[in-house]
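Now for the letters of each chain:
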Amino acid sequence: MSDTANAARAQVLDGIRRSLRRGPLAGPAREAVEARLAAPVRGPSVARARLPQPQKVALFCQWAETNNATVARVAPTEVAAEVSAYLARNNLPAQAAMAPSPLLDRYDWASQKMLALRRGRGEGDDQVSITGAFAGIAETGTLVTVSGPDHPVSLNLLPDTHVVVVREDDIVAGYEDVWARLRERYGKDVLPRTVNTITGPSRTGDIEQAMELGAHGPRRMHVLVVHE
Amino acid sequence: MQSTARDFKHNAGAALADANLQDSLAKLKVGFSERRRQAAERLPEFEALRDAARDIKNHALAHLDFYLEEFERKVTALGGHVHWAPTAEDARRIITELCRSVGARTIAKSKSMISEEIGINAHLEAAGIAPIETDLGEYIIQLRHEPPSHIIAPAVHLTKDQVAGTFVEHHGPLGFTRRLTERQDLVAEARHVLRQKFLDADVGLTGANFLVAETGSSMLVTNEGNADLSNTLPKMHIVLASIEKVIPTLEDAAVLLRVLARSATGQESSTYTTINTGPRRTGDLDGPAHYHVVILDNGRSSVLGTEMQDMLRCIRCGACMNHCPVYGAIGGHAYGWVYPGPIGSVLTPQLIGVEEASNLPNASTFCGRCESVCPVRIPLPGLMRHWREREFERHLTPKGVRQGLALWGFLARRPKLYRRVTGWANRVLALFGRGEGRYASLPLAAGWTRFRDFPAPPAGGTFHAQWARHGGARTRP
Chain A
172 MSDTANAARA
182 QVLDGIRRSL
192 RRGPLAGPAR
202 EAVEARLAAP
212 VRGPSVARAR
222 LPQPQKVALF
232 CQWAETNNAT
242 VARVAPTEVA
252 AEVSAYLARN
262 NLPAQAAMAP
272 SPLLDRYDWA
282 SQKMLALRRG
292 RGEGDDQVSI
302 TGAFAGIAET
312 GTLVTVSGPD
322 HPVSLNLLPD
332 THVVVVREDD
342 IVAGYEDVWA
352 RLRERYGKDV
362 LPRTVNTITG
372 PSRTGDIEQA
382 MELGAHGPRR
392 MHVLVVHE
Chain B
726 MQSTARDFKH
736 NAGAALADAN
746 LQDSLAKLKV
756 GFSERRRQAA
766 ERLPEFEALR
776 DAARDIKNHA
786 LAHLDFYLEE
796 FERKVTALGG
806 HVHWAPTAED
816 ARRIITELCR
826 SVGARTIAKS
836 KSMISEEIGI
846 NAHLEAAGIA
856 PIETDLGEYI
866 IQLRHEPPSH
876 IIAPAVHLTK
886 DQVAGTFVEH
896 HGPLGFTRRL
906 TERQDLVAEA
916 RHVLRQKFLD
926 ADVGLTGANF
936 LVAETGSSML
946 VTNEGNADLS
956 NTLPKMHIVL
966 ASIEKVIPTL
976 EDAAVLLRVL
986 ARSATGQESS
996 TYTTINTGPR
1006 RTGDLDGPAH
1016 YHVVILDNGR
1026 SSVLGTEMQD
1036 MLRCIRCGAC
1046 MNHCPVYGAI
1056 GGHAYGWVYP
1066 GPIGSVLTPQ
1076 LIGVEEASNL
1086 PNASTFCGRC
1096 ESVCPVRIPL
1106 PGLMRHWRER
1116 EFERHLTPKG
1126 VRQGLALWGF
1136 LARRPKLYRR
1146 VTGWANRVLA
1156 LFGRGEGRYA
1166 SLPLAAGWTR
1176 FRDFPAPPAG
1186 GTFHAQWARH
1196 GGARTRP
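Chains as they are written, first to last, in our numbering: chain A, 172 to 399; chain B, 726 to 1202.
Just chain A, with the same shape it has in the complex:
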């Protein structure tokens, strides 16, 4: 860090401490905040999502639809066929950019002779993308995706239509359960570059406060909830 940068840093931190009338946190006061950081406290829990798993999945589907997504509940063997059928129902081309994910590769895409899949990141002119999801949040019908070699973020954003495959077992009650799963997978304090939580298609209320779908992200979101 340059001298100017160091001086600026000290100026901000010292200004805060001067206003708080103390020096850098030390002793028991510091231990207390360190403990809070090490063992995060959950806020008031939201009752509506504290349900047995089947009802949790149903609540997820209900909220996803309320938030303008469409939902199909399918068996693993039906995933590829449902994607083809969805594209046909909506007069969309039978081609898609798909996340290079081992989880998605388990489905029988070869059975869909007409469906052309390209595996990789999203491009500006993609019509349709297919991705998995790290989790689903029942409380609000929200999907959670994490970036990585198996999930380029651009697939969530650039195409007009986003098809998301989420497993019933990955549907949890609220954000806090997602954080717990993230810590389990990536370790405490470590996150992938991007965690996206997505609730329905892109929208804007910027003209006369009326919500219109398809601002910059997908206009349509179709969620396949897979019973495995």
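Please note that the accuracy of each hint is not assured.
[Unchecked claim] Pairs of lysine to any residue residues, derived as SDA-like cross-links and limited to a Cα-Cα distance of at most 25 Å, are as follows:
1) A:Lys359 <-> B:Arg1006
2) A:Lys359 <-> B:Gln909
3) B:Lys960 <-> A:Ala176
4) B:Lys960 <-> A:Gly295
5) A:Lys359 <-> B:Asp1009
[Unchecked claim] Okay, the calculated bits of chain B under chain A, using three or more residues with CB under 8 Å as the criterion:
6) 746-758
7) 996-1007
Worth flagging that the hints you see were computed from the coordinates, not collected in a lab. We put the beta carbon where it would ideally sit given N, CA and C, even for glycine.
Fit chain B to the supplied structure of chain A, relying on the hints for placement.
Then chain B, alone, in the frame of chain A:
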């Protein structure tokens, strides 16, 4: 941004006479505020979440230096960079240097009120770098060379038809010459025009709703996905955030997110909540190679530990302005600077000085609706009252008001005289004709009666007189 807060009275008068603005503002009453009420009613835990949200922000503010240092440590460990900006000028210089370091020509900007506060756009343009606002509302007002009039809906002052006119003017040369009449067509056209700008941008500049100390992450909440394109496609992502945005953990973020969207637009959840942590990782197929966070103070640290500290809890949802009768009558531009409405009346005097902004804390009836809907329970009327007191202490209050207050103070301290004078005033007012229950004009009160009737005092004398007649004090427990 150049302040016109001094001209508040003039601005407000012009706003009241602006028919397009009044049409747009009429929608506020049935738009965001009604949807907020419904969302709050759907969630039985909403009030408990508001308490928790207030406590989290208070805790973070009391340990702000600690959490900022933790945040910095985590960002650095993941290959990101943190820059400290004591002033707006420092932030402008840092951002411009960062843009130059990657030879940036265009920047995809996601809506950030702090970027308005530091006036970054004009500065970048002067340096030959083109900032492109990508939030639809911000994009519209950038084309119109207007400042935002609302912190979450920057173009809320405009009608659909005005937007259509702006698009014809600016998109016409690109081949979009038809004047659109439907909102969805306007949205689609802006999407099309901005898509290429995203793909071409060298830098993505976003704000942050929260900085998470635990993980060194910046969190962004949007409905459009523009912030996400801004932080995914360009080679550099710059986050501009002020010091009070830092919170301890992801669990704390969960509480704040639950009250933020519901308070702002009445949505159960905003469409996109994105957690960015550092630059692109090995093996990632997209994402920026460079991740920088600029932490701005700009006068905020001096508010800590004072009676005004509560203003730093603000999470910028806009509920206070959506529910404010004054904002609802005059819109955001009349306030004359970046932050309008009740929170603006509290922040602006702090950020640009009470001398410049002394009108704003007076632009309130103290009806208290703002405080009653604030997700982090900021006592906004109380804070505006503090500013009024400081204004009075510094002799900034206009002479007429000071004399009036002095006269009232003189009388209020002399109860017998006070009753005699009010009884006399009551009888004089009766002479002007109490019959209709109101006066269309009164001497010395033209400022009031020019726009509305003055209510007549009820028959039967002053409150004190009636109180005494009804047995008043004697029946008090």
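For this session: Assess, step by step, whether the Cα of Lys960 of chain B is no farther than 25 Å from the Cα of Gly295 of chain A, and give holds or violated.
Result: Answer holds: Lys960 of chain B to Gly295 of chain A is near 16 Å, not above 25 Å.
Exercise. Does the structure keep Lys359 of chain A and Asp1009 of chain B at a Cα separation of 25 Å or less?
Worked result: holds, 21 Å
Exercise. Are the Cα positions of Lys359 of chain A and Arg1006 of chain B separated by 25 Å at most?
Worked result: holds, 17 Å
Exercise. Between Lys960 of chain B and Ala176 of chain A, is the straight-line Cα distance small enough, at 25 Å or below?
Worked result: holds, 23 Å
Exercise. Would you say the region 996-1007 of chain B counts as covered by chain A, given the rule of at least 3 residues with C-beta under 8 Å?
Worked result: holds (count 11)
Exercise. If you draw a straight line from the CA of Lys359 of chain A to the CA of Gln909 of chain B, is it 25 Å or shorter?
Worked result: violated, 43 Å
Exercise. Within the assertion that chain A covers the region 746-758 of chain B, do at least three residues meet a Cβ-to-Cβ distance smaller than 8 Å?
Worked result: With 5 residues close enough to chain A, the hint holds.
Checked against the numbered hints above, the structure breaks only hint 2 and satisfies the rest.
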